[in-house]
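> Two chains, two frames, some hints: make the complex.
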Amino acid sequence: MADLGTASAPADDVSAQRRGSWAEWLKVAALIYLLICAVGLIGSGFKAAVGDQAKELFAFAVNPFAGLVVGTVATALIQSSSTVTSIIVGLVAGGLPVAVAVPMVMGANIGTSITNTLVSLGHVRERQEFSRAFSAATVHDFFNLFSVVIFLPLEIAFGFLESVGKALASPFYEAGDASMGGLNFVKAATAPVVETVKSVLLSLGDEAGGILLIVLGIALIFVSITLVGRLLKQLMVGKAKEIMHTAIGRGPISGIFSGTMVTVLVQSSSTTTSLMVPLAGSGAFTLRQIYPFTLGANIGTCVTAVLAATAVTGDAEAALQIAFIHLAYNVIGVALIYGIPFLRNLPPLSAEWLGETASKNKLAAAAYILGVFFIIPGLCLGISSAV
Amino acid sequence: MKTEPNIHALSTQNLRQLIDETERSLGELNAELDRREQVAQAREIENLETHMKSAELSLQTIRDFVAELVADLRGRDKT
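Sequences listed follow chains L and Z, in order. For the first sequence, my numbering begins at 1 and goes up steadily by one. For the second sequence, my numbering begins at 1001 and goes up steadily by one.
Just so you know, the hints here were simulated from the structure itself, not pulled from any lab data. Fair warning: there could be bad hints in the mix.
In silico lysine-lysine, DSS-like type, Cα no more than 25 Å apart, as pairs [said to hold, decoys possible]:
id, chain 1, residue 1, chain 2, residue 2
1, L, Lys239, L, Lys27
2, L, Lys27, L, Lys241
3, L, Lys166, Z, Lys1053
4, Z, Lys1053, L, Lys239
5, L, Lys27, Z, Lys1053
6, L, Lys187, L, Lys166
7, L, Lys187, L, Lys27
Excised from the complex, chain Z in its bound form (with noise of 0.2 Å):
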């Protein structure tokens, strides 16, 4: 189980290295989650043609949508 340590009984100096190096792995931290977000991001472009066809409209849309919302009203009429 890990202890957290007592700050109280930690001296001015190595309070302030601590907080220098909880700062460098929070920067650290947050440029991963940036790195892997860009990731994300750039796997996403990839896939753009996909995603063009998908981003098209159609009849069949507009019809699925009414369907999931008549059935949302009746679920709700039944409750």
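Okay, chain L solo, but in the shape it has when bound (with noise of 0.2 Å):
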């Protein structure tokens, strides 16, 4: 008897574990559900409460200027770029013009990288661990404002962005029936709540309800994106170990795929691009050696967005389309910069320069912070609203 009980014992230990695990799984599916009504919800909110005037509501961010800064200024401060991502993708759905999103989603990309930057400030007591953490942060920084730099004067000038998304999104949207619209099984799993919802809401009128229902979807998608997050790094830890164990010693391509599959799993580029800070800080990896990693993370965190896309209600090619622009950029941004040796360079160099000014004179990583995230978007808001 006392033998079958010490036997049972850990038995019993490994099918509870499963269970918490599968409890787990459960919950990242329900959270995921959630993450794609509350899109819907916006969407439909944004239709009901301004109609055809979506045009007319974002008239200020009509110049790109404006839409970048609004984009990068939104994200500092929500610290999440898969949350303004697919806020993003769900006003465009209800009828936000793509045009006007896509400097948003720009904004959105170095407005992200604040979090690894201020995760880096940890380090300030060592001063040459600060130096390699700031600089291992700030690559991240410098790599999407050399992004915008290239892009957004070609998406101004040609809509470079807007004709590739176009072109992405338009073969799931042009077979008719076979297409996604018609056989669309995510957007008929989240249609009943979306609906009821709506319906609810939208009983206190097209605008009240139409506000309620961006506010309801905004909060929703904040908070489904925080707690997925947290239980895919408690879930996945093992499996990033993994990824990145097989990435140590193999060069930038795999140091790039790595990023990319870390930030799928985890659902966020600033869990990823904060791991690398601790790792440059001890010494153990370089620079160099880690901003292929901080390039991945880039690509990796679009596919919320695309996910969210799936099942909006309203225009939702648009949205899919917004969605693969926020992709395309990133892929074409990291062929582009790191695929040319002269622009590669850049984004580690500025880095390694900043680390090292930052090291010596505190005073210069403040002024960096406020000024890239906040006062420059801010003067240039202020700028372009009265031009």
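Written out as structure tokens, the structure reads:
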């Protein structure tokens, strides 16, 4: 009897662990379902509240610099590019013009890099460690800033990304009933919830109900992305370890791929890029070694918006287009900037210089963060709205 | 005390041999350096759970940074 008891105890532990793990995965699935529903709520709310006036409402952001600033500051404040891009997807589905949304998505890329920069401040006590950590964090900032410098003028002049996004999204909607619109099981699964909430809130009137739907949608996106990020961090840490182990000593392409995969697994580019900070701060990884991981994080984070765009109501094709624009912007950005040796070296060289400067003068670190993420965007917004 | 060989007195064949040996040694040293670097990296990745915790942003991080910044600026004023 005693033997039986001791033998069954570890088996009980294993089955309890499995049950726990299943429960966690069910929570992840429920939160992703909630996220997709929330994006649908924003789209419906925006359409109901503004009708055909979306263009007029966002007239201030027709200036691409204003859109860029809105995306940067919103993401820097919320500290989640996935949340902001998902909200943008919902707004586009509700009528926000894609051309207005493109600079916002670019701004979200810049804004998200504040998180790992703030995380690097935790290494401030040791000068060399702080220099390495701050460089590791700001290499992501510089890459995103250079990316905007290259692609925003191209977008203003030729609508380059808008065309790429359209080309990628249209095959899903061109084939009539056999298209995504006809056989979209995600949309079918989320429609009952979205329609029920919509009918309840819109009974208060189109404008009030629409605004309530938007607010509820934003709150649900924020909560679901935050919680899913926390859960996936616990569930995926083992897998992330495995992926990172296999990338050691295998060169930059493997690094980019690993960064992408880890970000898809944890559903947060901030988590991946922030994780690079202590790895570089300890001196085990050089700046050039962690640089490809951070680029991969930019690509991996696009999955959330693509997922969210699969089930929106309203202008679903435009929603998928903006999600693909985000993906194309990051993939082409990595291919171009990392592919050309001269451009490839600019972000690490700038980050190394800034890291060294900030470690000697901490005021430079504070001035950089406030300047790049808040003061310069604020000034740009002020100037662009005055013009 | 180690004495350096007089390279001018070495025969061409000996010089080539010395270069080969040096290149081989350099290759071995670089390989050992790479191996050690990879071992250190693998060790850091093994501590990923700890790093994930330290990579979480907290208000305390910002407070500590501001305190360091203020101390730094006061120190500069005194000097």
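> Check the hint pairing Lys166 (chain L) with Lys1053 (chain Z) against an upper bound of 25 Å on the C-alpha distance.
violated (40 Å)
> Take the C-alpha atoms of Lys27 (chain L) and Lys1053 (chain Z), compute the straight-line distance between them, and say whether it is at most 25 Å.
Distance ~22 Å between Lys27 (chain L) and Lys1053 (chain Z) Cα, so the pair holds.
> Does the structure keep Lys27 (chain L) and Lys241 (chain L) at a Cα separation of 25 Å or less?
holds (23 Å)
> With a cut-off of 25 Å on the C-alpha distance, tell me whether Lys1053 (chain Z) and Lys239 (chain L) pass.
Holds, because 17 Å separates the two Cα atoms, which is no more than 25 Å.
> Given the hinted pair Lys187 (chain L) and Lys27 (chain L), is their alpha-carbon gap at most 25 Å?
Measuring from Cα to Cα gives roughly 20 Å; hence the hint holds.
> Would you check the hint for Lys239 (chain L) and Lys27 (chain L), treating anything up to 25 Å between C-alpha atoms as holding?
holds (19 Å)
> Next pair to validate is Lys187 (chain L) with Lys166 (chain L); report whether the Cα-Cα distance is within 25 Å.
holds (21 Å)
The structure fails to meet hint 3 from the earlier list, while all remaining hints are met.
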